Amino acid sequence: MKKLSLLAASAALIALPTLGLAQETAEAAEPATDFAFVLNTLLFLIGGFLVMWMAAGFAMLEAGLVRSKNVAMQLTKNVALFSIAAIMYWLIGYSIMYPGDSWAIPGYLGNLFSPYAINGDPDLDTGYSVASDFFFQLMFCATTASIVSGTLAERIKLWPFLIFVVVLTGIIYPIEASWQWGGGWLSEAGFNDFAGSTLVHAAGGWAALAGALILGPRIGKYKENRTIPMPGSNLALATLGTFILWLGWFGFNGGSELALGANGSANNVSIIFANTNMAAAAGAVTALILTQVLYKKPDLTMVLNGALAGLVSITAGPLDPTMFGALWIGAIGGVIVVFTVPMLDKLKIDDVVGAIPVHLLAGIWGTLAVPFYTEGATFGAQLLGIIAVGIFVFVVSGVVWFILKAIMGIRVSEEDEINGLDMAELGMEAYPEFSKG
Amino acid sequence: MKKLSLLAASAALIALPTLGLAQETAEAAEPATDFAFVLNTLLFLIGGFLVMWMAAGFAMLEAGLVRSKNVAMQLTKNVALFSIAAIMYWLIGYSIMYPGDSWAIPGYLGNLFSPYAINGDPDLDTGYSVASDFFFQLMFCATTASIVSGTLAERIKLWPFLIFVVVLTGIIYPIEASWQWGGGWLSEAGFNDFAGSTLVHAAGGWAALAGALILGPRIGKYKENRTIPMPGSNLALATLGTFILWLGWFGFNGGSELALGANGSANNVSIIFANTNMAAAAGAVTALILTQVLYKKPDLTMVLNGALAGLVSITAGPLDPTMFGALWIGAIGGVIVVFTVPMLDKLKIDDVVGAIPVHLLAGIWGTLAVPFYTEGATFGAQLLGIIAVGIFVFVVSGVVWFILKAIMGIRVSEEDEINGLDMAELGMEAYPEFSKG
Amino acid sequence: MKKLSLLAASAALIALPTLGLAQETAEAAEPATDFAFVLNTLLFLIGGFLVMWMAAGFAMLEAGLVRSKNVAMQLTKNVALFSIAAIMYWLIGYSIMYPGDSWAIPGYLGNLFSPYAINGDPDLDTGYSVASDFFFQLMFCATTASIVSGTLAERIKLWPFLIFVVVLTGIIYPIEASWQWGGGWLSEAGFNDFAGSTLVHAAGGWAALAGALILGPRIGKYKENRTIPMPGSNLALATLGTFILWLGWFGFNGGSELALGANGSANNVSIIFANTNMAAAAGAVTALILTQVLYKKPDLTMVLNGALAGLVSITAGPLDPTMFGALWIGAIGGVIVVFTVPMLDKLKIDDVVGAIPVHLLAGIWGTLAVPFYTEGATFGAQLLGIIAVGIFVFVVSGVVWFILKAIMGIRVSEEDEINGLDMAELGMEAYPEFSKG
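Protein chains in written order, with full-length UniProt numbering: chain E, 1 to 437; chain A, 1 to 437; chain V, 1 to 437.
Misleading hints may appear alongside valid ones.
Identical copies carry no separate label here, and so any pair may be met within one copy or between two of them.
Taking lysine-lysine and the BS3-like style, the derived pairs with C-alpha atoms no more than 25 Å apart in a straight line are [said to hold, decoys possible]:
| id | residue 1 | residue 2 |
| --- | --- | --- |
| 1 | K296 | K405 |
| 2 | K405 | K297 |
| 3 | K296 | K436 |
| 4 | K436 | K223 |
These aren't lab readings, by the way, just hints derived from the structure by calculation.
On a predicted model such as this, the values are computed, not experimentally measured, just so you know.
Generate coordinates for the entire structure from the input sequences, incorporating the hints supplied.
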């Protein structure tokens, strides 16, 4: 269901036999066991739990990169946003994203309200359990929201942030993703985004950027023209989070093959795993070497973000590149991170964890890199998708942030920010016994 | 083998074709490849490693919720209890739980001593590798013990606790679980517990409750009628532990379908994944909103326990509810946690991590909720199972705790408790360099 | 491809039907779906992502066992070494290790330079996707490097260490592993090492030992004849790392069955999972009891290393032992750790995390234990393999360390070591806010 256009356009060779098998079986009235149905479903389940695990990765990464006075709040936001995404995507998101024949505005706006029902008999026409697809797709929706929480950390109020998550996961993400993966206008226009460099990562980045601009930087972050470092409180957690994300990404990209029940698809998933790993490694090594060369000291947080940028970069097209292709695409992701993190600071855009360089900028890069290896992909169509999704998500997110700011305020008080969100908003500390240096 | 009654009663449509295939193949003397055998086995392996991972989840959750002076001991207990469970379940547990035709007392007491042998040829009559089933079932036994360690943290002695684990994992759990999953009297009585809300979670909770009553609260926890907060030392770890448990639960509930080698079972596993995730999300969101409303501040530990309570609640019947069903069943789990954690404190029952509300009370709730969606399940039979397992585990655990108390003492000295178990019992600290605030 | 000899020698019964099926399908010109091809590939993918996760386990274990002033550097090394392994194994390692018919020196030295190409059509003759095999085998190469970083922590310079990793993962490991798993001379000699007790763990241990001898102990570690304890800064992380490794080991050993697409292989993977878990449990319990008996206090780090030593011990032969066999083989691993950790200190070999006892000594033990259960394995052949791999890795590693020492120095300055590598080499701290006790 995801990436209908892609299936139709470039992966038909692989998908058709699978679907064919499923239909034959259905016709043959022997529903007991269909190899492709079971294996495709299993891919969604494994891919889904790996991407679910990325929620923990974001939580650890962000908890490690904020100061200790804001850690408990960052953790709360991460658990809450994942939970909200789970509910909203069921309630309205999934039917907006995959309207089938029930578009409200064909190609642009899906089926507006139809909470997703899971407990039916297996639908053999799909070639996989629809419940497994729901489970898998939900995790992508949640990932989009996870990206936002890191950028806005340490100063945004809990409840306005969570209301934004409601809108993002219930409406914004499903609409723009439907344009491509639901068979909407972008997929007709020849856009290619295999696992979501634009639809998930850049989208999350645009929503974060809109929020960061409206929210403003943390108190004390920029003094005159200097950027004051505010080091993360726990780099072990941040590294753990990165490894979790790296692991989860095999599900993110590999599961987006959408099929495992044929030799060709199993081979494709394998290629995707290998390429995904290579891009991450290349991003990390590039950031390591670059920070050594530029600053004479390697920078662990840059290395972590380099790996993540490598992963985001390969996500738009993890199947077609050679391993050398994955290497250089991921390496450029690492370069982007090292150069754009300080650039954002120059612009006084305060992105606490570096999510905008990693997810938005490397996401754009990854989307633009697709035509180098994927037959039929064009830079024009890629740019169209990047711009369309960018404008839509940035503008709608900006409007939502503005409304929230007007109605209830989105920023904690100066006093609360200085004392830390944990005591101010939660009344508890993440590390109550470790005294502050 | 697990949930024989369930298979016979309500899931026959799915299970029979699978078993049929396995038998046909066996008869046909073409043993090379049997689709259902391999896929069912794979489900047990994936489910098993996911549930094994829950041991790490409990360790992190508990290490994060105790004070730093007791962290190393809590970690030691968690590694040790998992290891002991692995040995005891092999030595006597598995044959007690699944006696087949070798009950010592039919329906009530299994095959008393028969260390489990794994290295035979594949037994095609079962429809899966018996070694994979052993691996999977072992993890449920270990989970039961993990539940106990959190409640009794910060004051119980290491060795008496571990001796209790020997009895719990070798005898108590296997006996009560055999009543249902081994084909014993409860399964005959129409009890329904798909993945163990009662048989695993409430059972662990009852054992913990018996221990907590006999052990008494921590020094200084209750002064006159006030409860003194003793905040956990590392909420990042506690959150990580919760995410690990959430992830592992897909294996816990999904693997309990016991089959993946047919369209119907693959579809069922998918439904279970989606429902399990929804219940967790609903429990978390409910606890978030409730603590905001009740206390004007959300409470991260309540949110985490809310998610876990949602998971426990859906565990007795994760297949049959609609997603809306999973939502409200999980949400009530969250309500239970928010209201019963303070209630236990009123009763001066000191449950360090909230395991009794999460596992015992939400476990009872989840078991009672089964008849709302599962055809053939009755409140009477559910109550019977809850009460029978409750009395058995609580009484036997209580006797064991009493004997341990009489023979060797179960509580550390007052001085040791105040100084922390880490230095007193282990002579090492979890965080030796982080000075205490 | 891995363990060609093993497949040919002892597992032919299982492997042959699988390969047979694959070939039949290929011949029959019906390439759409081949059960064994897809399932074998899936085993490599699942096994591969589980072993990839071990990289996070090593990172957390080591970060937890070094002092806080060196944590960020230890994390950097772990992310970097995994990334370098990913690149080097692709660039030259894989073709050296699996030369097929293109040996430079037949049986001894593989195909010297042939970056691995992944994106071809599925090759049905192999019985699995070659890309999935690459992904899986890469993770073993990276594991070898992970072992080294722990031993040399807290005093080795970043860049010389990473250059060593380049050589280890690109050349040293692939060469010695090709002797057995690439079909080289050791496999002809009747050596047995199912998943790498010698080829991975002991090899990593030998490389670490060579480095430790040349690098020397940390300042202040040995005063006269006393060993000064330098406790790890975060035992919660160390425990998490151990659980991650335990989980990942199911992929390490289970995936090394190399096939899942037949009843026999599915059964074998299940047996391996059960045995692997038992050996870990036995190692942990043994270390727990032994440290209680010897020192009157259990020792958490010994328990963790005991579990890991149990895992290493069973790795050379996880399929053939009974569960009781796995128990005593793993338990002896635990004994080895408890007795040899202090012995290394007596020899003033400073192994920060205990990697030499765990990976080298338990690896040798595990390799020697194979003939107790595996038909056809002989102590002579096992010794031959242990000695050959040991001499090769130790000597070549020693030469590389010496060259690095001569050219650029491998040890930080005394001042940097005392101040901690984090500030000296990275200019950042892992826990900047937690003041030191």
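### Message
Under the constraints set out in the numbered hints, which ones does this structure not fulfil?
### Response
Of the numbered hints, just 3 does not hold.
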